[in-house]
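Trainee: Could you slot chains B and C onto chain A? The hints should help.
These are the residues of each chain, in order.
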Amino acid sequence: MPFSRLISQRRVVAAAAATVAAALLAAGCSSSPNSGSSSSGGVVHLSMLTGFTGPDEPSYQALVKEFNATHPNIQVTMTVEPWATVAQKLPASWATGQGPDLATPSSDPGSIFNYIKTNSALDLSSAIGTGATQIDTAAFPTSVKSAFTVSGKLYAVPANLATLVLYYNKDMFAKAGISGPPKTEADFIADAKKLTVTSGGKTSQYGLSLADNNTIQMWPILQWMSGGDIIGKNNCAVVSDQASVAALTQWSQLVMQDHISPVGQTGADADTLFSSRKAAMEINGPWAADGYKSAGINLGIAEVPVGSAGPVTLASTVPLMIEKSTPHPAQAEEFLAWYTSKTAQEKFSQVSGFPPSRTDLTSAVSSNATVSVFAAALPYARLYLAGQPNATQIDTDVYVPLIQKITRGANVQASADAAATQINQLTGCKSS
Amino acid sequence: MTGVPSGGAAPLRLPRRAGRLLGRIAAVLSWVVVIAGALAMLVPFLWMLGVAFRTSTDLYAAPARILPAQWTLHGVQAVVGQLPFARLIVNTFVFAGGATILMLLFDSMTAFALARLRFPGRNVVFVLILATLMVPFQVTIVPVFLTLFHLGWLNSYQGLIIPRATSALGIFMLRQFFMRLPSELDDAARIDGAGNFTVYWRIILPNAKPALASLFIIQFAALWNDFLWPLVISNNVNMQTLPAALTIFSSQSGIDHAALMAGAAISLTPLAIAFLLLQRFFVQGVAASGIK
Amino acid sequence: MTTTEAPAAGAGRRPAAPGLRRRRPRFNSAYLFIAPSVILIAIFIAEPIAQSGWMSLHNWTIGEATHKFVGFANYTALYHDSRFWNALRVTVLYTVVVSVGQVLLGLAVASRLRKTTWYSALLRSAYFFPYIASLVVVGIIWKFLLDPQVGLVNAWLSDVGISAPDWLQSTALALPTVIAIGIWKNVGFAMIVLLASMQQVPTFLYEAATLDGANTWQRFRHVTLPALRPALLFTSIIATITGLQLFDLVFAMTSGGPIFHTESVVMYLYEKGFVEFQMGYASAIAWVLFLIILAISAVQLRVARYRDVD
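Chains as they are written, first to last, in the numbering used here: chain A, 1 to 432; chain B, 1 to 292; chain C, 1 to 310.
Hints are computed from structural coordinates only; laboratory data are not their basis.
Be aware that one or more of the hints could be misleading.
With a Cα cut of at most 16 Å, we get these calculated EDC-like pairs of lysine to aspartate or glutamate [as the list claims (entries may be wrong)]:
no., chain 1, residue 1, chain 2, residue 2
1, A, K324, C, D166
2, A, K117, C, E276
3, A, K145, A, D360
4, A, K194, A, D229
5, A, K202, C, D159
6, A, K117, C, E64
7, A, K202, A, D258
8, A, K342, A, D108
9, A, K145, A, D108
10, A, K293, B, D58
11, A, K324, A, D123
12, A, K170, A, D360
13, A, K153, A, D136
14, A, K202, C, D166
15, A, K117, A, D136
16, A, K347, A, D360
17, A, K293, A, D171
18, A, K347, A, E66
Pulled a few chain B residues facing chain A out of the computed Cβ check, cut under 8 Å [stated by the list, open to error]:
no., residue
19, T132
20, L228
21, L231
For each residue, glycine too, the CB sits at the ideal point set by N, CA and C.
So that you can see chain A by itself, here it is in the shape it has in the complex (with noise of 0.2 Å):
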């Protein structure tokens, strides 16, 4: 057997082996390390890292294509991924200053402090004033401005703002004969119950659809309504104050003996109920409208119910931020600037149905229906969790779960309290 005559073909392959490793490091060593920018030839090339996948995207398109189309020497190209992706790849990549010029760092406000505390992100205070290429920052509501400045500099710019309103099943209203839509509280629950439909122990059409995880909450409303709160001024918890305990005993009976909603539901549970008519109502956000039209709903949509504390909803705000180390920080800024303007966020509102960021708009966008009862809200509308630190930890490690407890029968104060305990812990409460 003429085995022998292989034995060199070992050395072969070794040699093999060790040239293809020593090309591929080679190949490798003399590219030279991305940056995400670059420019040429007078043109400068940023890049954008957002989290608007899904039905939300082609609007954010748009609106980049109509500034690189106006813009003929900077162009900046957006790539979409996930927002768990996003929270992945950007801290690091910020840091190497490998990242992209610009980013939307998470669907959370709170989010901007990581970066600001690592210095990765760029202050934006430079280019605060009323000039064509200058941020605007006078025409951002209050809550979102002060949401985004940290020690007095501002850091990020909204991305895009969205109020929460109460969208409703015309055809259910009209077949339980309710004529309109719940303009108080009190109306709010009757029509919620009358609109609950259990035959045998099986709920067949929910009055609300109500979500607690995943979403963009909806139960800090319920506690608005009637004055309570999750934290108050002084940075301590009033979760387990008295207006908060009676609006979460309130609601989580109603959920829990009347069966107007499901238990546990996701942002997109709640939505699919409300698309799939087993909801007649549903407090949710512009970007649901396009869906629930194309699902064939005859849809309403209306104000927030007003409660005892007078007229709330929550506001939602996602952050977009420049890279530190941008090679071309006028630039990124300008387009900041241009983003935030009226022309472009009059455009973005009309195209996406998500009413402007800007205050200074509501009578531009009047004659759409639609983004009217969104921008009409923004007064009103209070940001979740506002300028804390840690509302992300907040929101997931206590909120959501006191309010899956409390809609699963714990009692409603020792919950709270417990909640309110862990909440001072991480805000650093001073008081009792």
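Mentor: Positioned in the frame of chain A, the structure of chains B and C alone reads:
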């Protein structure tokens, strides 16, 4: 009953006809159970295929149906239209295929050395390799990203493939398999003057087809389905793989079910084909090499 | 069987090719064989693991200029962290049941389907199919299938008159449901590995056993099972390692809910490291998990060695 192997309790003594009948019932029952189980394995995927072609209203109205009542091509159109489809498929094949082939080579070489060759530190090397399986990916992802950055390999095929070109799982699996191959095969070759590489290439590998085929499909599928790694390594959409790109159809503001499921079905198809092609190797017996 | 004892230094010591004069000790080429894998593992897995160990001794936020060294403070904090212990309980429970479940079911299915008939091949393919599908896609599919409003499972159950609960929202049922899906996904893997090993059992052993009067069960117990020990060991070690690293499935299906009832250790790690940016603490969690897996695998290997003749 005579000559019952030791160690067991005496078998139940039934009258012959009853025993045979019971045996037959048990056999039929076991087939029924196995077939039911196989259906349970497949029905979710059939449902997924159905959703890929269903409109939203159809889906929500009658969930307990697998076949669509209202057909739509929207899902498939969204996937093909919104993504640089051809490029993504190429990237996914290059990544998954390239890394898997390299992996089979490197893993089998290592497994051969661990199973058949004696060298100092052999057991230590095996344990250390096995140990690296035990750390979750999430924890190494940031240091690996930094290493690739320093090498300048971000956004490149080599950055995508080289770090994944070996697998402790593969090494472990092949080592176990090689250890079970009879050493007479090796010895016969060595007597005739074969060196280590020859034994590896001509004796061990050809006899390891079932293990290699299984490992191929397992690793190919794992790499094909890995969407996080390509997303982290590259920020250029042209370097992404198909599963990574499909994540755009799922978001906080609504899931495009038809598109997501269409994408998932499309992503699963090459895997299914590769699997069917390699089927015949899974249950190949020991090669006719004179064992009997 | 005649084997000549190969000389100590190098097999195949009679080179026919001229020029191969120098004696090449055998261990040299062994190192060449393991070199590619070992180098890659060292650079891309071992070094990052070591780096994460280093990170676990600090308060570490990515991108910060300096990191405060805190020694073992993260580990002591972990010891007192009830959420960690909950995650550990969830993970261990999942791992034990899924490992045992997939091995037992895999064994049963493999022994039933070991023939090379076309229908056996078809059924084997069916069982293996879930394994090659992506975990995230599987999670999404099952989440939808189990949805009480629009899901297939509850619709079918109510068609036969059973009022089914909300599987993934019930604090009592969420984890068992996830476990069941874990078994569903992995049975195919166990089946394939055990089947490959079953194929290697020489048929003459079965013939001899039948001649001795052994029935099906006895053949299985005394011929098949002993031959499967290495494969069983392999499958249970892999099942343990992957089970203890549970993440994708719960991330896609339950996000660790309801109220942390399905939160696994790696989910908690992810939360701490990538949502709260505490990479030091997350690395400590990873290292504790690593040591636990190491310990359990060592025990499994040791137990197997006492009973295995290799």
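Trainee: Please flag the earlier hints that this structure goes against, numbers listed from lowest up.
Mentor: 1, 4, 8, 12, 15 and 19
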